[in-house]
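**Student:** In case you want the letters, here they are:
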Amino acid sequence: AQKVTQAQTEISVVEKEDVTLDCVYETRDTTYYLFWYKQPPSGELVFLIRRNSFDEQNEISGRYSWNFQKSTSSFNFTITASQVVDSAVYFCALSEAVGNTGKLIFGQGTTLQVKP
Amino acid sequence: EAGVTQFPSHSVIEKGQTVTLRCDPISGHDNLYWYRRVMGKEIKFLLHFVKESKQDESGMPNNRFLAERTGGTYSTLKVQPAELEDSGVYFCASSQGLLTTDTQYFGPGTRLTVL
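Protein chains in written order, with my numbering: chain A, 46 to 161; chain B, 93 to 207.
Check the hints yourself; a few may be wrong.
[What the hints assert, rightly or not] So these bits of chain A aren't anywhere near chain B, every CB distance computed over 12 Å:
hint : residue
1    : Q51
2    : Q84
3    : S106
4    : Q114
5    : K115
6    : E141
7    : Q153
8    : T156
[Said to hold, decoys possible] Okay, derived cross-link-like pairs now, SDA-like style, lysine to any residue, Cα gap no bigger than 25 Å in a straight line:
hint : chain 1 : residue 1 : chain 2 : residue 2
9    : B       : K136      : A       : T75
10   : B       : K136      : A       : V134
11   : B       : K133      : A       : S118
Since the hints were made in silico from the structure, they are not lab data.
Given the structure is predicted, the values throughout are model-derived calculations rather than measurements.
Even for Gly, the Cβ is constructed at its ideal location relative to N, Cα and C.
Only chain B is shown next, with the shape it has when bound in the complex:
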């Protein structure tokens, strides 16, 4: 069974540009989470989808970040316009869904560098 996949693995953009990150969860997993790790700090929660619905977006830094999960399958996270402080590694995770405390399985992350 395929794990969580993320694309791209790396992205280097200039300040003010737009970037879209993609996450494909494990097949059949209803819960999808986005997290971010900035410069050696702790990994921080961004938001949580159950199927196509946003359940918790309390961790989204500001309105430059837009996450979608159309059809309840893959998810995208768009940053527009990107700022220097957005640099970091963006992780996606998925879990099966019956319990919110089910184990989350993570993807390899997308390393975003904003110059």
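Looking at chain A on its own, in the form it has when it is part of the complex:
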């Protein structure tokens, strides 16, 4: 069965600290996609990254970086030098490629609070 676990319910850091949000997934498929979305206080879900199961290269985008490790079924997200504007709920999600209509399986979300 497909499942995404974000064990950290809430994280609080002080501005400029680095923070890592954990995501562990379960799937029986060999082809799948992983996503991260950000939900700021305004409520919309903002797409951050999409990664397929065959690409284990880490990705960096500005202060954001993602570490994909198939061996541990993890797709962790690190924010370097956090800022107050990073405060949001972050969701990790999984989509299987085979026999799937594209529905996303979400984790429970991690609420990140960055204090000034």
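Given chain A, put chain B in place with the hints provided.
**Tutor:** Below, chain B without anything else, positioned relative to chain A:
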């Protein structure tokens, strides 16, 4: 280019009433999805349209929920009659359509409160 829009942003109704939520996907996106987040839990899939056809409605909770996408453009999700447990945030997402694993872009959600 306009993103996914949803209307209304908030709705407060009494148990037993009917509510209709609307979603306008990004122009040209064939795939349209509905999801729901109930009280701090994970976001859960409800159903998926390709153009006007329902491809997967395995996540619809029961027959009080009816989704339509006439003409393959905007979609509506009707809850009739609403129950207390239907309260939550209803999200709509759309994707371009060539691959079902294309990135889905979400709207701001409709917060539904059933009293």
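**Student:** State for each hint whether it applies.
**Tutor:** Structure-based check of all given hints:
The beta carbon of A/Q51 sits about 9 Å from the closest Cβ of chain B, which is not more than 12 Å, so the claim that it is off the interface is violated. The claim that A/Q84 is not at the interface with chain B is violated, since a C-beta of that chain comes within 12 Å of its own (minimum 9 Å). Listed as a non-interface residue, A/S106 keeps its Cβ farther than 12 Å from every Cβ of chain B; the least gap is roughly 15 Å. Interface exclusion of A/Q114 from chain B stands, the closest Cβ pair being 20 Å apart, more than 12 Å.
At the 12 Å boundary, the C-beta of A/K115 stays outside the reach of chain B, the nearest C-beta of that chain being 17 Å off. With a cut of 12 Å on Cβ distances, A/E141 falls inside the contact zone with chain B, its closest approach being about 8 Å. For A/Q153, the condition that its CB be more than 12 Å from all CB atoms of chain B is violated, with the nearest at approximately 5 Å. The beta carbon of A/T156 is not kept farther than 12 Å from every beta carbon of chain B, the shortest such distance being approximately 9 Å.
Straight-line distance between C-alpha atoms of B/K136 and A/T75 comes to about 23 Å, which keeps the hinted pair within the 25 Å bound. Restraint check for B/K136 and A/V134: satisfied, since their Cα atoms lie roughly 16 Å apart, inside the 25 Å limit. The hinted pair formed by B/K133 and A/S118 meets the criterion: a straight-line CA distance of about 22 Å does not exceed 25 Å.
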